[in-house]
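Asks: Residue numbers (our numbering), protein chains in the order written: chain A, 1 to 264; chain B, 1 to 363.
Be aware that one or more of the hints could be misleading.
What the hints assert, rightly or not - Covered stretches of chain A (chain B as the covering partner; in silico rule of three or more C-beta atoms under 8 Å from a C-beta of chain B): (1) 81-87; (2) 109-116; (3) 221-231.
As the list claims (entries may be wrong) - Below, a list of computed lysine-lysine pairs in the BS3-like style, where the Cα atoms sit at most 30 Å apart: (4) A/Lys17 x B/Lys200; (5) B/Lys199 x A/Lys129; (6) A/Lys17 x B/Lys245; (7) A/Lys5 x B/Lys212; (8) A/Lys135 x B/Lys358; (9) A/Lys17 x B/Lys14; (10) B/Lys200 x A/Lys137; (11) A/Lys128 x B/Lys199; (12) A/Lys87 x B/Lys358; (13) A/Lys137 x B/Lys199; (14) A/Lys87 x B/Lys14; (15) A/Lys17 x B/Lys358.
Bear in mind the hints are in silico, worked out from the structure with no lab data behind them. Idealized CB from N, CA, C, for every residue including glycine.
Each chain is listed here by its residues.
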Amino acid sequence: MEKRKLINAVNIRKSFKDVYALRGVDLSVYAGEFVAILGPNGAGKTTLVEIIEGIQTPDSGDVVFTSEEQGKFEEMRWNTHATPIYKMMGLSLQETHFFERINVEETLWLFASFYEGVTEERILDLLKKVGLLEKRKAWTMHLSGGQRQKLALAVALLHSPKIILLDEPTTGLDPHARREIWELLFKMKNENNSALILTTHYMEEAQVLCDRIVIIDQGKILEQGTLEQLLKNHNKSNLDELFVALTGRRLDDESFSKAHSNSI
Amino acid sequence: MMKVFLKLIQTQFKELLRDPGVLFWGIGFPILMAIGLSIAFSPREEVNRIVSINKMPDINLSKEKNTTLDGQEILVYQSTISSQSIGRNRISFYVTSDNLIADTLLKRGIVQVMIAYDDIHNSYHYSFDPKNPEAQLTYLIVRAQLEKNGLPATNEGVTAMEVPGTRYVDFLLPGLVAMGVMMSCMWGLSYGLIERRSKKLLRRLVATPMRKSTYLLSLIFVRVLFAIFEAAILIFFAMLFLDFKVHGSWSLLLLIFLAGHWAFSGLAILVASRTTVIEIGTGIINTITTPMIVLSGVFFSYENFPSWAKLIIKYLPLTVVTDGYRRVMLEGASVESLQIYLVALFLFGTITFLTGLKIFKWY
Numbered sequence: 001m002e003k004r005k006l007i008n009a010v011n012i013r014k015s016f017k018d019v020y021a022l023r024g025v026d027l028s029v030y031a032g033e034f035v036a037i038l039g040p041n042g043a044g045k046t047t048l049v050e051i052i053e054g055i056q057t058p059d060s061g062d063v064v065f066t067s068e069e070q071g072k073f074e075e076m077r078w079n080t081h082a083t084p085i086y087k088m089m090g091l092s093l094q095e096t097h098f099f100e101r102i103n104v105e106e107t108l109w110l111f112a113s114f115y116e117g118v119t120e121e122r123i124l125d126l127l128k129k130v131g132l133l134e135k136r137k138a139w140t141m142h143l144s145g146g147q148r149q150k151l152a153l154a155v156a157l158l159h160s161p162k163i164i165l166l167d168e169p170t171t172g173l174d175p176h177a178r179r180e181i182w183e184l185l186f187k188m189k190n191e192n193n194s195a196l197i198l199t200t201h202y203m204e205e206a207q208v209l210c211d212r213i214v215i216i217d218q219g220k221i222l223e224q225g226t227l228e229q230l231l232k233n234h235n236k237s238n239l240d241e242l243f244v245a246l247t248g249r250r251l252d253d254e255s256f257s258k259a260h261s262n263s264i
Numbered sequence: 001m002m003k004v005f006l007k008l009i010q011t012q013f014k015e016l017l018r019d020p021g022v023l024f025w026g027i028g029f030p031i032l033m034a035i036g037l038s039i040a041f042s043p044r045e046e047v048n049r050i051v052s053i054n055k056m057p058d059i060n061l062s063k064e065k066n067t068t069l070d071g072q073e074i075l076v077y078q079s080t081i082s083s084q085s086i087g088r089n090r091i092s093f094y095v096t097s098d099n100l101i102a103d104t105l106l107k108r109g110i111v112q113v114m115i116a117y118d119d120i121h122n123s124y125h126y127s128f129d130p131k132n133p134e135a136q137l138t139y140l141i142v143r144a145q146l147e148k149n150g151l152p153a154t155n156e157g158v159t160a161m162e163v164p165g166t167r168y169v170d171f172l173l174p175g176l177v178a179m180g181v182m183m184s185c186m187w188g189l190s191y192g193l194i195e196r197r198s199k200k201l202l203r204r205l206v207a208t209p210m211r212k213s214t215y216l217l218s219l220i221f222v223r224v225l226f227a228i229f230e231a232a233i234l235i236f237f238a239m240l241f242l243d244f245k246v247h248g249s250w251s252l253l254l255l256i257f258l259a260g261h262w263a264f265s266g267l268a269i270l271v272a273s274r275t276t277v278i279e280i281g282t283g284i285i286n287t288i289t290t291p292m293i294v295l296s297g298v299f300f301s302y303e304n305f306p307s308w309a310k311l312i313i314k315y316l317p318l319t320v321v322t323d324g325y326r327r328v329m330l331e332g333a334s335v336e337s338l339q340i341y342l343v344a345l346f347l348f349g350t351i352t353f354l355t356g357l358k359i360f361k362w363y
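Given the sequences, and given the hints that come with them, work out the whole structure.
Replies: Have a look at this one:
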């Protein structure tokens, strides 16, 4: 697999008034690599992802994207290359809302118009894979929280992006739906060599889906590496134990409350 | 039960009072409105009533500074009548022998009553729209004043103005169209954008390669199509049932309509550019639209306001739009005479749109 840095975030700092959300975070993601960011609530996961997404501006630090065009590499930053960066990026935000009186299929067609080469076949295929084919004529205001989540994911993957950023994409989905989403993401990885950054509250999701796990708390990366490396370094038998050892908290407690606040 | 109820009330009060924006728009703004209304509607020392007259009678009136209409000078005489029932009324006689000027004064709402001298019977004939109560009162006061000076009305006395173009409804309709454009932009665009921002839809939309200006322009385009449809219904209804007539060209009317829409669209984008709180947005929209509805000559002419106020009112966007629509609809104005309106509205719209776009908060 090609080893090329798609995203390189260096020394990212961000504060909101007197609260430090990120205190000098470095994160690189390679093409074809899946990275999970784990952390308790308020750890800075969403802030980090939103800075990479260009939705927030860091107080200091640099985020560099590398694109490849016919074997030529180009470095891109938000202030100079926002449009090409968004072309190679697909994202699903926390709490995504859509036009309420537009149906699922129309929503996908709207977002498809922002990119090149999205076909009807692709839209139908995505609808099928995220389990919204039968709901394709339903107004988005009539979708449940979980169905909206699936639609947000379909929108993110619509143009087969090189970089996928998903902020808690499967929170509130049932285990079957979650597994279907994972399959879809694996397919994107194999077919498109896409890179993925995902924040999640599910240990299993991080373990199954991701090549690298980043544990973040109080605005700092505490540890990162493959699951095997992390467990070996800290002499732990599973990710749960490792998380407790590093943060002093159990992720399960938070994932339970989060999942149930976002019922399908 | 009661404890929970009281706790909920306390919590909601706290939440409201801790938001300075809500505090201002919810409490401060109504107080400001009350002050404004009390100034506008407090008993005025003097009410100014303007009439046009084709020949000034030889009675004791004070000569005032002449006024102008589209560069033509008009002589002005004044007289003051006071009584306990009607208060103090200052009557301004605009002397013009040119019927066209008198007509224009009427169409622009500057005068409400036209008086014509009958030199055979040495009497005066009055014309006004009986559906306009202010015009009726002006007629009664002026007629009483002239009769007191031995100048009776003709036998016919009064002609009800029912000729299309000179009635109150003719004055009102362009104002209503202009107000419709303003409300459509301010509520349709501003409120819609603030709501979408608060629901985080804007955030999702701009996290794509789509140009931000494209999104805003598409909103304006949709709104303008709706506004054209709404205005067309109003105008055609008036044409069909009220004998309303558009005196100017339809293409020029469309042009000034679009210029007015562009001006308010720019203003709407600017208004919606920052806030995420719907209550604050609503307050700002009300602050901008309510004074213009009262002052800009939609329902009655702004000529009765003091001179210092007129200097400001003349440049309010709704005044410019309303005046422009009246010029085309009632006076059949040419594109040359509308140039200043078109340029002013286009520039206003462009400057406010670009400023709004520059400072627009998408997240």
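Asks: Now, for every hint given, state plainly whether the structure supports it.
Replies: Verification of the hints:
{"no.": "1", "hint": "81-87", "result": "holds (count 4)"}
{"no.": "2", "hint": "109-116", "result": "holds (count 3)"}
{"no.": "3", "hint": "221-231", "result": "violated (count 0)"}
{"no.": "4", "hint": "A/Lys17 x B/Lys200", "result": "22 Å, holds"}
{"no.": "5", "hint": "B/Lys199 x A/Lys129", "result": "27 Å, holds"}
{"no.": "6", "hint": "A/Lys17 x B/Lys245", "result": "61 Å, violated"}
{"no.": "7", "hint": "A/Lys5 x B/Lys212", "result": "29 Å, holds"}
{"no.": "8", "hint": "A/Lys135 x B/Lys358", "result": "39 Å, violated"}
{"no.": "9", "hint": "A/Lys17 x B/Lys14", "result": "22 Å, holds"}
{"no.": "10", "hint": "B/Lys200 x A/Lys137", "result": "23 Å, holds"}
{"no.": "11", "hint": "A/Lys128 x B/Lys199", "result": "27 Å, holds"}
{"no.": "12", "hint": "A/Lys87 x B/Lys358", "result": "23 Å, holds"}
{"no.": "13", "hint": "A/Lys137 x B/Lys199", "result": "22 Å, holds"}
{"no.": "14", "hint": "A/Lys87 x B/Lys14", "result": "44 Å, violated"}
{"no.": "15", "hint": "A/Lys17 x B/Lys358", "result": "24 Å, holds"}
The structure shown violates the earlier hints numbered 3, 6, 8, 14.
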